[in-house]
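Whenever a hint applies, use it, and build me the whole structure from the sequences.
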Amino acid sequence: MSEQLAVGAPLKVQRWTPLSRNFSIGVGVLAVALAFVPIVLDSNIVQDLTNLLILVILAVMWNALAGYGGLLSVGQQAFIGIGAYATIYFAQLGVAPYAAMVLAMLVAGAISVPISLFALRLRAAQFAIGMWVIAEAISILVRFDHALGAGTGISLIQMNQYDPSYRQAYTYWLALAFTVVFLGVLFFLLRTPFGASLQAIRDDEDAATSLGVRVASRKRLLFVLAGFGCGAAGVLIVANTLFIDPSSIFSVQWSAYMIFMVLVGGLGTFEGPILGAILLFAIQTIFTQGGPWYLVGLGATAALFALALPRGLWGTIEERLGLQLLPVGYRVVASKTPTKTEGETA
Amino acid sequence: MTLVNAVVQGIFLGGYYAVLACGLSIMFGVMRTINLAHGDVAVLGAYITFVIVDRTGASAFVAFLVAVPVMLVLGYVLQLAILERSLRSGILTPLLATFGLSIVIQNLLLITFSPDVRSLGGSAGAVTTAGWHVTSDLTVSALGILVLVVAAAVFGAVHLFLTRTRAGWALRATAEDADAAELVGIDSRAMHARATAIAVAIAGIGGLFLAIRSVFDPVSGPIQLIFAFEAVVIGGMGSLWGTLVGGIALGVAQTLGAQIHPQYAALAGHVLFLVVLIVRYGGGRVSLPRLRGVVALGRASRQ
Chain A
1 MSEQLAVGAP LKVQRWTPLS RNFSIGVGVL AVALAFVPIV LDSNIVQDLT
51 NLLILVILAV MWNALAGYGG LLSVGQQAFI GIGAYATIYF AQLGVAPYAA
101 MVLAMLVAGA ISVPISLFAL RLRAAQFAIG MWVIAEAISI LVRFDHALGA
151 GTGISLIQMN QYDPSYRQAY TYWLALAFTV VFLGVLFFLL RTPFGASLQA
201 IRDDEDAATS LGVRVASRKR LLFVLAGFGC GAAGVLIVAN TLFIDPSSIF
251 SVQWSAYMIF MVLVGGLGTF EGPILGAILL FAIQTIFTQG GPWYLVGLGA
301 TAALFALALP RGLWGTIEER LGLQLLPVGY RVVASKTPTK TEGETA
Chain B
1 MTLVNAVVQG IFLGGYYAVL ACGLSIMFGV MRTINLAHGD VAVLGAYITF
51 VIVDRTGASA FVAFLVAVPV MLVLGYVLQL AILERSLRSG ILTPLLATFG
101 LSIVIQNLLL ITFSPDVRSL GGSAGAVTTA GWHVTSDLTV SALGILVLVV
151 AAAVFGAVHL FLTRTRAGWA LRATAEDADA AELVGIDSRA MHARATAIAV
201 AIAGIGGLFL AIRSVFDPVS GPIQLIFAFE AVVIGGMGSL WGTLVGGIAL
251 GVAQTLGAQI HPQYAALAGH VLFLVVLIVR YGGGRVSLPR LRGVVALGRA
301 SRQ
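Top line first, the protein sequences correspond to chains A and B. Residue numbering for the first sequence is 1 to 346, as defined by our numbering. Residue numbering for the second sequence is 1 to 303, as defined by our numbering.
No lab work stands behind these hints, which were simulated from the structure alone. A hint or two may mislead.
As the list claims (entries may be wrong) - Incomplete in silico selection of chain B near chain A, CB under 8 Å:
#1 Ile82
#2 Ile91
#3 Leu96
#4 Leu110
#5 Ser114
#6 Phe229
#7 Val233
Claimed, not checked - Residues from chain B that keep clear of chain A, each with C-beta distances beyond 10 Å, as calculated:
#8 Leu72
#9 Leu108
#10 Phe161
#11 Leu162
#12 Leu256
C-beta: ideal position from N, C-alpha, C; glycine also.
See below:
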């Protein structure tokens, strides 16, 4: 809050504001409404919306790592690739495609546990590039496996059993379910005392440590959550495109997208990455053919935001207007009448 | 015998990695940060040399001498325009800013030079083809020797600069404690810019060797950054001569890996890097500093 608090004024800790309460209800209504999209709208739109949801999951997960854990990873494509290839693997074993997708997401999350044991001991650039090397190494291992299409890629042919428009609807619903689950888990995690400790780590890791916050275990939880989340995104990518190859699914370009969305939207804010994902989706829709100039623009914008506007669009809006739509923090406000209780203002 | 040959070829390859990593090591030593666009800067150096060769028909080495001042200026500008600003706002900002820069450089190269694969091998003269068969299995190429000699010269020159010149002392003082250096009248901004200029110029030498040894294209940078960073970490972050050793260790690991299967080359390097990281940072509760502490305590209690 920007306004000065009078000395000695009775203080009150507030979590919800009328605006954020209404907005959160609105988000709930939106999620329900989104579930009806495949019934109402054209299947091309459904496929586009699935892409948007994939971007939202990726942005929110990368922000969970970097924004709250201070962990800048350039290697989250490792989990995207694991999710995608595990889907193919389970489908080849004869598991029903959509069951294979859920299993694959769980596998990606499970693999993030042993990786976290060592990766989280690294700091800053070591962690960033260490994760990148892990992604490269996994990508090379996939290239050796001829059953997984080696270097040339492989199709998820098991999806042929579905009619295309049904398939797109199912995939969309899966994407929506994953989005609701991962955003929901992160939202409620951040609202617990646990979340307060995460935000303390975000603001000052050393100070949080000295206050007794168990930084390592908090970071591990975020890392594993991001492993599940990026795995889920990988699963959805293969379900939506039906074809993957190691050089594109393990491409560092995914990290570039995640960094762009989070930096532009707002690092360390809950709403920012969602805004960033919508922006990237809009940019991708306008510049459909992509191309190098589009990437020059993305890279330059990300660098500019890092240098000039480190809290991103949403962080700046939040700072200037004191606005919070999905409240994960606490607000201290001066109440004019000390007797007023929280129930009355709400 | 093929194993001996693999090791020898690995040492030559390692000389290249060491040159590539030298600038990264200098920047980390002085500013405690990693330039994620380092590989792209090296490739940019290769393209600048390529353009000069293409326009004038000069030898690649002569062209590179012309490219050096361009690289030095680029380094200065890079530091003053981007890195210096990012250093002031936390340890993640330089990484984010240089990652963005890396994408910009790659795609600007793509727009300017097309995705075609290029090489400077043809314009480097006889050195690329000359070689000696020491035994039937062991070949020593002139280019390999040249890369090693240049690597030794680069590291030697940087070492002498840092230890024997006033400018080098000022640079080390800034690396040690920038604020204290400011107190005795050293401009840390200028020192940082100087370090980056030197790092970028040396990255250019790496780019030159990349272009002569094999081929390059606009997106060759990221993997060069990974190899360079691996060399820095294997040799020990913050140690200049360690980077030379790390580069050679990486090169040998890759050629030994390629002995098993050509596709294992890069993987073997990655594995060596990850093993070094695990041993150095993942070694359970007993770490070396802690052991030293215990020994020191033991001594103190005896006195």
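Right, here's what the structure says about each hint:
1. Ile82: 7 Å, holds
2. Ile91: Since the shortest Cβ distance to chain A is 5 Å, the answer is holds.
3. Leu96: 4 Å, holds
4. Leu110: 4 Å, holds
5. Ser114: Nearest chain A Cβ about 10 Å off; hint violated.
6. Phe229: Phe229(B) check passes; min Cβ-Cβ to chain A is 5 Å, inside 8 Å.
7. Val233: 7 Å, holds
8. Leu72: Leu72(B) is indeed farther than 10 Å from all Cβ atoms of chain A, at 22 Å.
9. Leu108: It is violated; Leu108(B) is separated from chain A by about 6 Å at its closest Cβ, not greater than 10 Å.
10. Phe161: Consistent with the label, Phe161(B) stays out of reach of chain A, its closest Cβ about 24 Å off (over 10 Å).
11. Leu162: At about 22 Å from chain A, Leu162(B) clears the 10 Å cut-off, so the statement holds.
12. Leu256: Consistent with the label, Leu256(B) stays out of reach of chain A, its closest Cβ about 16 Å off (over 10 Å).
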